[in-house]
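Its first residue numbered 10, the sequence shown is counted upward by one per residue in the numbering used here.
Mixed in with the good hints, there may be bad ones.
Said to hold, decoys possible - No farther apart than 20 Å at their CA atoms in a straight line, the calculated lysine to any residue pairs in the SDA-like style are these:
1. K431 - G443
2. K415 - K431
3. K414 - Q299
Said to hold, decoys possible - Label-pair restraints from in silico Cβ distances:
4. R191 - I132: 22 to 32 Å
5. L99 - A249: 25 to 35 Å
6. K266 - L99: 54 to 64 Å
7. A212 - E153: 38 to 48 Å
Keep in mind that the hints were calculated from the coordinates and are not lab data. Note that this is a predicted model, so its numbers are computed, not measured. Built from N, CA and C at the ideal position, the CB exists for glycine as well.
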Amino acid sequence: MDDQNQVELYGRGHRADRLDRRGLSALDTRLVELPDSYEILEPGETLDLRSYGRILRKRLPTILVVFLILFTAILIATLKQKPVYRAQVLLEIQKENPDIPTIKELYELDAVSDAYLRTQYSILASESLARRVIDQLQLETLPEFNSPKWWQFWPRKKKFPPSQTLTIGPAPEVRDRELSQRVLERFQDRLTIDPVNRSRLVAVRFDSRDPELAARVVNTLASDYVDQSLEARWQATQRAADWLSQQLVGVKAKLEKSEDELQSYARRKGLVFLETDKGASQNVANERLQQLQEQLTKAQSERYEKEALYRLVQTGEFGALPGVFENKLIQDLSERLAELKREHAQLSTTFSPDYPRVKEIQSQIDEIETSLREERQRAADRIANDYSAAVRRENLVQQALDNQKKQVSLIAEKSVQYNILKREVDTNKQLYEGLLQQLKEAGVSAGL
Numbered sequence: 010m011d012d013q014n015q016v017e018l019y020g021r022g023h024r025a026d027r028l029d030r031r032g033l034s035a036l037d038t039r040l041v042e043l044p045d046s047y048e049i050l051e052p053g054e055t056l057d058l059r060s061y062g063r064i065l066r067k068r069l070p071t072i073l074v075v076f077l078i079l080f081t082a083i084l085i086a087t088l089k090q091k092p093v094y095r096a097q098v099l100l101e102i103q104k105e106n107p108d109i110p111t112i113k114e115l116y117e118l119d120a121v122s123d124a125y126l127r128t129q130y131s132i133l134a135s136e137s138l139a140r141r142v143i144d145q146l147q148l149e150t151l152p153e154f155n156s157p158k159w160w161q162f163w164p165r166k167k168k169f170p171p172s173q174t175l176t177i178g179p180a181p182e183v184r185d186r187e188l189s190q191r192v193l194e195r196f197q198d199r200l201t202i203d204p205v206n207r208s209r210l211v212a213v214r215f216d217s218r219d220p221e222l223a224a225r226v227v228n229t230l231a232s233d234y235v236d237q238s239l240e241a242r243w244q245a246t247q248r249a250a251d252w253l254s255q256q257l258v259g260v261k262a263k264l265e266k267s268e269d270e271l272q273s274y275a276r277r278k279g280l281v282f283l284e285t286d287k288g289a290s291q292n293v294a295n296e297r298l299q300q301l302q303e304q305l306t307k308a309q310s311e312r313y314e315k316e317a318l319y320r321l322v323q324t325g326e327f328g329a330l331p332g333v334f335e336n337k338l339i340q341d342l343s344e345r346l347a348e349l350k351r352e353h354a355q356l357s358t359t360f361s362p363d364y365p366r367v368k369e370i371q372s373q374i375d376e377i378e379t380s381l382r383e384e385r386q387r388a389a390d391r392i393a394n395d396y397s398a399a400v401r402r403e404n405l406v407q408q409a410l411d412n413q414k415k416q417v418s419l420i421a422e423k424s425v426q427y428n429i430l431k432r433e434v435d436t437n438k439q440l441y442e443g444l445l446q447q448l449k450e451a452g453v454s455a456g457l
């Protein structure tokens, strides 16, 4: 074993062949004993567990020292580490401008689309919302967010004397931008957006060494999220209102132009229209035609009644005539005539026709009959006159109706272009009223 732990060393910088050539007769040799760890194994020889144990026992102090150093460093770092607190808030995401939900919608979890939910999750984790919270809470002033990275504390070696150095660094705006970006990155690293499965709920969590700060951050972020959503909705509504206002101006001008063209054409063609109770305009000529048609129907009905009475007069049936039957004078004369005829009949049975009393009664009878004939004739004349007047009235109304039909026919030809212009006016009016209603609704939404 002693032969294996020794190695023969020659003089430094000399080789054996070079020494021989220089004529040196002897060499200065030394034997150095190597440690057991540097043992040279002969071919075919292997280490056993006892060899490993012997090596570990010899290196045990070194291992213990290294272990104690690492353990102490980890213990110190752990004791110096501050606890991290986590604050959480739950948000429910609803549809924009939700109407009153039905019973079915109350139990539907998919009432809000997945795309809309993912959009809201992205907004919660967006950079704009994070910067809004950072600015509101002034997080850039807190060491937890604005402290440099650990490697930035490492001192830099000076290569030149202070008198020969030129201080070069980023501009103030660059430093501010870097600080803002560093604060944003640390804020986003501590922020967690965790949607709750099969629901419209999302958990917003924030980690911080200050529990009050963590709570303020999640509460502020939730409040700013709601405010930002309302602001975005208001801005969208305002943009829609501005667009509707611009469109409304153009549609209003177009409506006024079409109305002017319609009125101008109606004046040139002599067309007059009236607004009916239902709001629809109607041509005066058509209205007149309807009136004449009603008057003709009434005139024909009256003429039929007068003609029936006139036929009775021609047949001599005066007793059936309404005017004769209700005539008081005719009734009195008829009653007096009947009494005289009864008295004349009684006297005629006793006396001759030449008897004075009989002749007197006969004279009275003749006088009353003459009065009755005259009165009946006057009633018949009135019926005939009424019949003639009814016929003339019917003819006049019929003639006026025929003339009005011709006028309506001419107006109908002129109304073709008028109706085209009228439809254009109605279309523009509906479009204008629709835009005006939408503008009012947009104004109400913006106010809410």
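Hint by hint, here is what the structure shows:
Only pairs whose Cα atoms come within 20 Å are accepted, and K431 paired with G443 is accepted, the gap being roughly 18 Å. Distance check on the hinted pair: K415 and K431 sit about 23 Å apart at the alpha-carbon level, beyond 20 Å; violated. Between K414 and Q299 the CA atoms are separated by roughly 10 Å; this keeps the pair inside 20 Å, and the hint holds. Under the hint 22 to 32 Å, the C-beta atoms of R191 and I132, about 23 Å apart, fit the expected range.
Between L99 and A249 the beta carbon distance is about 32 Å. The supplied range of 25 to 35 Å therefore holds. Distance hint check: the CB atoms of K266 and L99 are about 58 Å apart, consistent with the given range 54 to 64 Å. Remark: the range hint 38 to 48 Å for A212 to E153 is contradicted by a beta-carbon distance near 22 Å.
Consistency note: the structure conflicts with the earlier hints numbered 2, 7.
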